[in-house]
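Undergrad: Let the sequences and hints guide you as you build the complete structure.
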Amino acid sequence: MRQFAVTLLWLRDGRDEVQSLLAGLDLVRHTAHESASQAWLCMIANGTAHYLSTYASDEVLSRVYAGTNEVYGVVAQVGRLDQGPDGSLVVDGCWRFGSGAERAAYMAMGCAPVEGRRTSVLIDRTRLQVAHPWQGPGLLATASHTLRARELRVEPQDVVTMMDIPGNRPMGIYADTELFLANMPGVPIGLAEGLLERLGPGVSPGSPWHTAYADAAARTVLARRGLTGLLQGFDALARSGRLRPFAPALRAEYRAVLSASYHVGVEAVLALTQACDSTDPGVRRQLAEARLDAETMRPHAAMRPDR
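Residue numbering for the sequence shown follows my numbering, beginning at 122 and increasing consecutively.
Don't read these hints as lab results, they were simulated from the structure.
Note that the Cβ used here is the ideal one computed from N, Cα and C, for glycine as well.
Any given hint could turn out to be false.
[To be verified] Now the in silico label distances, taken between C-beta atoms and shown as ranges:
hint: 1; residue 1: 427; residue 2: 238; range: 26 to 32 Å
hint: 2; residue 1: 248; residue 2: 324; range: 56 to 62 Å
hint: 3; residue 1: 290; residue 2: 324; range: 51 to 57 Å
hint: 4; residue 1: 272; residue 2: 370; range: 39 to 45 Å
hint: 5; residue 1: 289; residue 2: 427; range: 35 to 41 Å
TA: Here you go:
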């Protein structure tokens, strides 16, 4: 996969780097101008860093983010943490779409609540089996493999209880677990923005391409502004210590904004790739890659309006 010299907010210089949903969105969007797969990994890695920086101890953060380590997570609560026959902790689970599986030093894998407390287990990536590989062009290059653990022994210090905040650390931006998804729409929005920037509106006002371009540009701007406004509000609440788990009405509104902005970006990309009449081989290749990315992203379950 191509690598880009992008500043990634992965706890390299302290937790302050990851305490803004809006900063994460802007980073993901701008990364997607060059590569949707890189942007997707950036989104997952930053989301993981966000919630670990709230709930994990300083010792754990220093260890798992040491050197050039990259850490990715799967928040789905499908793992099961139990005691083994010798009293040690063991984890079993099969996590779909573990993005960054080939680059990760550690994976933070979501587990079913233990005594009503949401947990995530940090596991050395090499100890997880690849149950189903996902490789190929475009977003498939994220290597979002299905990962499996069978009675895998874990140390107590690698279990992060996502309800206990160490010391006087502020709750930050992950008061509600669904905020992990906040930057996901940045991938299709950024992909659309990149296409709009490279292709341009053309020189014939009123032509089919000019009309398609103008429509995609307007819808992308509106989607970005709506999402940006929402995340600015959450960031302000987090800074003042007033961000709390969502009430049902707010959760429904949050999901609606995320889903709408995500699908506006996807549909803008598809409209641009279909309408562009360029015969330049390089442009045609970029359009084919962008279309594959959009079609791969389109059915993502987390962005269904009715989930």
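Undergrad: List in ascending order the numbers of the hints, as given earlier, that are violated by the structure.
TA: none
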